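K.L.:
If you read the sequences in order, they're chains A and B.
So for the first sequence, the working numbering puts the first residue at 1; every next one is plus one.
So for the second sequence, the working numbering puts the first residue at 1; every next one is plus one.
Keep in mind that the hints were calculated from the coordinates and are not lab data.
Keep in mind it's a predicted model, so treat the numbers as computed, not measured.
Check the hints yourself; a few may be wrong.
As the list claims (entries may be wrong) - Capping the alpha-carbon separation at 20 Å, the derived lysine to any residue pairs in SDA-like fashion look like this:
#1 A:K103 / B:K103
#2 A:K103 / B:W42
#3 B:K103 / A:P44
What the hints assert, rightly or not - Listed next, the stretches of chain A that the computed footprint assigns to chain B, with coverage defined by at least 3 CB atoms under 8 Å from CB atoms of chain B:
#4 20 to 29
#5 40 to 49
#6 69 to 81
#7 86 to 98
#8 124 to 131
By construction, the Cβ of each residue, glycine as well, lies at the ideal position given by its N, Cα and C atoms.
2 protein chains.
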Amino acid sequence: MAQESNNTLTVAHQAFEHFQHGLATGEWNQFLDMLTEDFSFWFPAGKYHGLNQGKERAREFFQYVSECFKGGLTLTLDQVTSNETTVVFEFRDEGALFGEPYKNRIAVSFDVRGNKICSYREYFGSDGKSN
Amino acid sequence: MAQESNNTLTVAHQAFEHFQHGLATGEWNQFLDMLTEDFSFWFPAGKYHGLNQGKERAREFFQYVSECFKGGLTLTLDQVTSNETTVVFEFRDEGALFGEPYKNRIAVSFDVRGNKICSYREYFGSDGKSN
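Extracted from the complex, chain A is given alone in its bound form (with noise of 0.2 Å):
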């Protein structure tokens, strides 16, 4: 079970670094080599609200993410929790959205098969005007 959940966290740990590097950069390439096929994520709102599935899908999705901030996003990350097949990273972030000023809270809660990510799953912790 120890060697489960230290499994789940490196590849975890591992899958956070790659998706902070796409919302800084844009370049999601290496996230998205992380998902398995039939990966699947729920968004708390907007264009993506709701349950999404596939991976097709999620690379639309995180294009979409680097449009809506073209600058990149900064992420201080504050507590992770895990357990035997799942890792919650909770972080705040900020950013520019569309050109105006963005801060907010958030909590991802990662979801791991192997040695990939299978779901996940996105909380809102603020309003996208502070954290």
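Assemble chain B onto chain A, guided by the hints.
P.N.:
Leaving out everything else, chain B in the frame of chain A:
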């Protein structure tokens, strides 16, 4: 370290039971008894948006929540993740907000100190209409 993690999980689970009871019934005393005097919490939106400090502020907040959801909220717990100090509960809730159907996805992150909760961060995973 394993012992610390076990205590953290036990305390957080007990607090979450009382939290769930408070949301269902409007009776918050058991939950409030588990908060440190210097308890603080972050809430994502509305009147209590941002950082709220002190146990009295928490008492006000939870009474306000139970006025908004008079019939109570029913929770479905999906995931629990933890480390030495912090436990994250991901759940879906359902009820009526000022008489209108309400559904959401929530992540709450409880920080444990000794046998009490010293702070908490709440995150919204949906829009209040679907989960």
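K.L.:
If a hint holds in the structure, say so; if it does not, say that too.
P.N.:
Hints, one by one, checked against the model:
| no. | hint | verdict |
| --- | --- | --- |
| 1 | A:K103 / B:K103 | violated, 26 Å |
| 2 | A:K103 / B:W42 | holds, 15 Å |
| 3 | B:K103 / A:P44 | holds, 12 Å |
| 4 | 20 to 29 | violated (count 0) |
| 5 | 40 to 49 | holds (count 4) |
| 6 | 69 to 81 | holds (count 3) |
| 7 | 86 to 98 | holds (count 4) |
| 8 | 124 to 131 | holds (count 5) |
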